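K.L.:
Residues per chain are reported as follows:
There are 2 protein chains.
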Amino acid sequence: MNNDYTTLFSFLSETEHSILDYFSKSDLLSILKPDDIHDSVLSYLQRPAKRLRPSVLLMACGCLGGEERVEFAIPAAAGIELFHTWTLVHDDIIDNDKLRRGAPTVHEAMSERAKLTLTSDSNLAQEYGRDIAILTGDIQHGWSITSFIDCALQMSVDPMVILQLVRHLQTHVIGNLVYGEVLDVQFGIQNAVDMSGINEEQIVNMLWLKTGILYEFAGLAGALIGINAANFDDSQVCALKQFTSHCGTAFQLQDDILGILGNEEELGKPIGSDIREGKKTVIVFESLKNADVDERNIILSTLGNKHASADAIDEVTSLFKQLGGINRTKELAEIYIRKALPHLDEIPDSKYKQLLILWASFMINRKF
Amino acid sequence: MNNDYTTLFSFLSETEHSILDYFSKSDLLSILKPDDIHDSVLSYLQRPAKRLRPSVLLMACGCLGGEERVEFAIPAAAGIELFHTWTLVHDDIIDNDKLRRGAPTVHEAMSERAKLTLTSDSNLAQEYGRDIAILTGDIQHGWSITSFIDCALQMSVDPMVILQLVRHLQTHVIGNLVYGEVLDVQFGIQNAVDMSGINEEQIVNMLWLKTGILYEFAGLAGALIGINAANFDDSQVCALKQFTSHCGTAFQLQDDILGILGNEEELGKPIGSDIREGKKTVIVFESLKNADVDERNIILSTLGNKHASADAIDEVTSLFKQLGGINRTKELAEIYIRKALPHLDEIPDSKYKQLLILWASFMINRKF
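Protein chains in written order, with the numbering used here: chain A, 267 to 634; chain B, 267 to 634.
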């Protein structure tokens, strides 16, 4: 595989430019009131991000519809970024996360602002932060649907394509995303420590529910807008959908590796966060499986310990490498990319297909 | 005005039957997983409720489109009930409410269930309840949009009508609803006690943002589906929209009166809840305006006091009557109904128009 990602990065950057431009022209901006809602709705969107989901949507669209239709799909690309964003805002409340993309999460930022402007009662301020974050996600959810609709109203995409796509997003995709999120929360409570009672397949399925499904939707939406017909059974559409679905799972597996090995700047959160949060990953599962009693005790005493020292984090990180947790995850990610690539065989060659191939390679080689 | 509501109640009951039937046939039911999500998404929908918003949507539709088009609008009626429902689920988290329609709120019910099935840690159980409630609202939000879309996909309503309506719902309506909710939360924190710095107009505007706007949308959506054209400027469409908007504000004013004078069964929550929560209403505002120093002290020492005694609640309730708070609110509700009715002048007579007139009367005479 080609490891020169220059053309991919340049496409990601064009996508970012296009969707930020679309956001900046939205009639929604004028009804984002009061200021705390306005600022919160825009905050994650304005932070540096890779914009992978909208880019994949545009690439899939280009594969079947060419250059001109990619222009038509820009509101949908903005829509999938917004959809992803509201799930992040609500997940951050659920996970009690304090940082996202190197800056405070919405609930955290608004809680801090409330302390300065609204109340000296820190419990009230915390509730206020949570309230604003819930409502921020709700508005972004609405804006996401509006953006998809704009493909029909402003870009002359067939209204039936948009209606069917939004319906699919609002039933199948949201249902599975929420299912994955709840399983994750329940695992976190029930198996706070040793991951007993879960197997590797279940962990990977949870990754797919939480991440793969939205990449799958990116491929599907781009493909249908590309052919401008609501033909969900079209073989090329299905091929692009399967391809992006598998790559999405690989993305999350690689994300879990970077969550252990990445540095603070790359992660946007402190080193060791995933370990201190006790995040349930294939890395942890595989390492525990291969650990002796002493190693197991070291891992279990650090995992999920919010106050674990930097030395303890280092030790567990080393164990994850030695015990094969990192390697097994890397291997799985590669398996998913290998499963994904043959689906592209029936897609005609184009610069967009080459971008998708490059993106697949980036999924398992990326360091950020 | 006619005060025999038999035909109105029979229409509300038909609406309830139609939308529950629509829900029961939804393909979404099979993807509501796990059980906690399935049960939470359905819980408020299955509790006894008046179904005013979907009924108003169907009446407005019937006014301009007649009997046959009312059938076509049933998925949209289900959609507005779902939209209202997700806002209730999220509002209940924000207001820390424990009861809704006579039974535990979603976050409360799921927190209690978690204590039995997931964890003995009551903080973790409470967080779990909150998490499930956030995600429940998110799913209902999606299902709401899906239902509107079904009007086009299953009922041959013009796709452009549905796209424009959903766009309006997801920008204008959601933006104003959230604005009203945040103002309410901010008022609650900043003016915990004496309502200084707020005037009557601001309170009524907040009622409109939180309640009137969704009734306005019910009128608009029904009217546009009735004419089956996305003609937002049509004078009859605008008339129905204005009519339902004003009646919606009257509905909320009457709701505030019932919140003080209603009994537990009618309220679905304990007597005095609105006083103990310190709810900011025209009743409180007007009463404080007319109170002498002693009366003011009595009101302020009870309002917002979660542990206020039954005697204190009785005393404040009496003061709200004596000081004109109840009467002023009743008067305002009547003013809004009087503003609403002339808009119906340009709507041709029909059983649906008669139902809307009856509904307007019910808004200010209802006891539940």
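Hints listed in this document are in silico derivations from the structure and should not be mistaken for laboratory results.
Being a predicted model, the structure only gives us computed values, none of them experimental.
Hints are not guaranteed to be accurate.
Just so you know, same-sequence chains aren't split out, so a pair can sit in one copy or run between any two.
Pairs of lysine-lysine, DSSO-like flavour, derived with a Cα cap of 30 Å [said to hold, decoys possible]:
#1 Lys605 / Lys299
#2 Lys364 / Lys381
#3 Lys364 / Lys316
#4 Lys545 / Lys299
K.L.:
It remains to establish, for every hint, whether it holds in the given structure.
P.N.:
Cross-check of the supplied hints:
1. In this assembly of identical chains, the alpha carbons of Lys605 and Lys299 lie at most 30 Å apart only when taken from different copies (28 Å versus 46 Å within one copy).
2. For the identical chains of this complex, Lys364 and Lys381 are neighbours both inside a copy (16 Å) and across copies (26 Å), given an alpha-carbon limit of 30 Å.
3. Taking CA atoms no more than 30 Å apart as the test, Lys364 paired with Lys316 passes inside one copy only; the shortest distance there is 20 Å, against 41 Å between copies.
4. Taking the shortest Cα distances, Lys545 and Lys299 sit within 30 Å of each other only across copies (22 Å), while inside one copy they are farther apart (36 Å).
When held up to the earlier numbered hints, the structure conflicts with none and fits them all.
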